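Hey, can you work out the whole structure from these sequences and the hints?
Sequences listed follow chains S and P, in order.
Numbering-wise (the numbering used here), the first sequence opens with residue 66 and increments by one.
Numbering-wise (the numbering used here), the second sequence opens with residue 349 and increments by one.
Hints are computed from structural coordinates only; laboratory data are not their basis.
Please note: incorrect hints may appear among the correct ones.
What the hints assert, rightly or not - Computed spacing ranges between beta-carbons, pair by pair: (1) 203(S) x 401(P): 37 to 45 Å; (2) 350(P) x 365(S): 50 to 58 Å; (3) 361(P) x 305(S): 45 to 53 Å; (4) 130(S) x 368(P): 49 to 57 Å; (5) 401(P) x 399(S): 29 to 37 Å; (6) 130(S) x 401(P): 48 to 56 Å.
Claimed, not checked - Quick partial rundown of chain P residues pointing at chain S, CB under 7 Å, derived from the structure: (7) 357; (8) 367; (9) 369; (10) 388; (11) 404; (12) 406; (13) 416; (14) 435; (15) 436; (16) 437; (17) 438.
As the list claims (entries may be wrong) - Chain S regions said to be covered by chain P (calculated; three or more residues, Cβ under 8 Å): (18) 105-111; (19) 343-356.
The structure presented is a predicted model; accordingly, all values stated were derived computationally and were not measured.
Cβ atoms here follow ideal geometry from the backbone N, Cα and C, with glycine treated the same way.
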Amino acid sequence: MSLVQDTPVDAALSPFGPAVALSCRECGARYDLGAAYSCVECFGPLEVAYAFGTVTREQIEAGPASIWRYQPLLPVAPWAADEPNLAPGLTKLVDARNLAAALGVTGRLWVKDDSGNPTHSFKDRVVAVAQSAARRLGLTTIACASTGNLANAVAAAAARAGQRSVVVIPSNLEAGKTVTTATYGGTLLAVEGSYDDVNRLCSELIGEAITADWGFVNVNLRPYYAEGSKTLGYEVAEQLGWRLPQQVVVPIASGALLTKIDKGFRELVSLGLVEDAPYRVFGAQAAGCSPVAQAFDNGWDAVRPVKPDTIAKSLAIGNPADGPYALDVVRRTGGAIAAVSEEEIVEGIRLLAETEGIFAETAGGVTIATLRRLIADGRIDPTADTVVYNTGDGLKTLDAVAEHVSVTATVRPRLDEALAALVAEGSTTSEGTAS
Amino acid sequence: MSVTVRIPTILRTYADGASELTVDPATQTVAGVIDALDAKAPGIGARILDDGGSLRRFVHVYIDDEDVRFLSGLDTATPERTVVSVVPAVAGG
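In structure tokens:
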């Protein structure tokens, strides 16, 4: 499917910006823009089709300091930034020199740190786009099936906008995600089952009368929602001075984030906003839930579902519907997908924290550990420029590292005990403490 | 040996808007259930199965709470009073 098609719409006037239709990714059938996500012909997923007009770097740079600077590239109204929302995005691209040194990377290495979003994960981006679509479609309640980060983002976005929210989660999520979601308010429904069970339940709820005016951001609003992830591609290119990185490492849960970062890169090229330079996309999974990595290793085009068992709960989707598309992107660009053990995840979290002062959640640990693994295997070029995506905040998944770290020493509030402990630990010298 | 099939919203046009249909399959398997469903709601079978007769990539079929891809696929047994759910795949996240 061509990225640029149809007659360009006036993105400055249209309620959906440059979006013109929903299009089936499998059979190409087209539908009017609406709250639909699945092709009537073949069940294939629907995605937004655009007719972009002229978009310039200057136009984007003059926009808001949030994802809304990319409004001419998103399925949202030009006035989306003025409606109540969390204004996510434009998070830091951290020049990770210490991490590069630790990993033997001699090229440049950056961490796109999306824990800097309002609810501390990249999910604020996708929810903001879905929330805008919900408004246009007259849906008054925003809802979601979530592994936790999305729960935070939906409940907080609804609170900001004065909307009702309904969040459905597996009952075994980390406290850091359930407590925060409950604090933002709204309805929080815990399901005694896996995330895949929750996802299925929400798909079935869509047909019920009670949900007639609900927008499930990652179900019936999914075509719009997923487009929000393109901004993680746009921002990196803009922050690098309007160029594409040579390599990116992206965590895979559903596979949508990885495919949309690639889509964002390709759109920038097709619109002439960046030079058409080759790049490679690498995917990261936890070994305890690695259906896409397994498919990659086995040369499969389809993804065989698995039952997740990993501390990386935000990546614990055993039946990732965008998995085949993630495989396509990785193979097309000459990348790879690797899966890492629970121990490696924890080491990844600690390595990023110790080298760059960035405390990632378990998904970030998966990504850093995968970067390390791919360098060791010779599959990532350590001399090339690389961006790794940290999608969430470690404060939400404290349990993952709590048993691996501790205070250095505990003393009574006495100078001699403090000095003894510090000398014993070797963090300073007795001479150094004399003054 | 009747089996209840739950119909997703996008396929209810084939079933006169019904959210559930009860069928009596000739063979007690998922494939048999889909055959019987298609006899009752003509055209619905081709939406669930591809031209080669396999389950389409973006549709899930559950026997009670288990995805048939974890069982025996279209050959999975569907005993009396089984509830079969047809659900479009959604990527989640």
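Hints, one by one, checked against the model:
no., hint, result
1, 203(S) x 401(P): 37 to 45 Å, "holds (41 Å)"
2, 350(P) x 365(S): 50 to 58 Å, "violated (37 Å)"
3, 361(P) x 305(S): 45 to 53 Å, "holds (48 Å)"
4, 130(S) x 368(P): 49 to 57 Å, "holds (51 Å)"
5, 401(P) x 399(S): 29 to 37 Å, "holds (35 Å)"
6, 130(S) x 401(P): 48 to 56 Å, "holds (54 Å)"
7, 357, "holds (4 Å)"
8, 367, "holds (6 Å)"
9, 369, "violated (14 Å)"
10, 388, "violated (19 Å)"
11, 404, "holds (5 Å)"
12, 406, "holds (4 Å)"
13, 416, "violated (11 Å)"
14, 435, "holds (5 Å)"
15, 436, "holds (4 Å)"
16, 437, "holds (4 Å)"
17, 438, "holds (5 Å)"
18, 105-111, "holds (count 6)"
19, 343-356, "violated (count 0)"
Consistency with the previously given hints fails for numbers 2, 9, 10, 13 and 19, ordered from lowest to highest.
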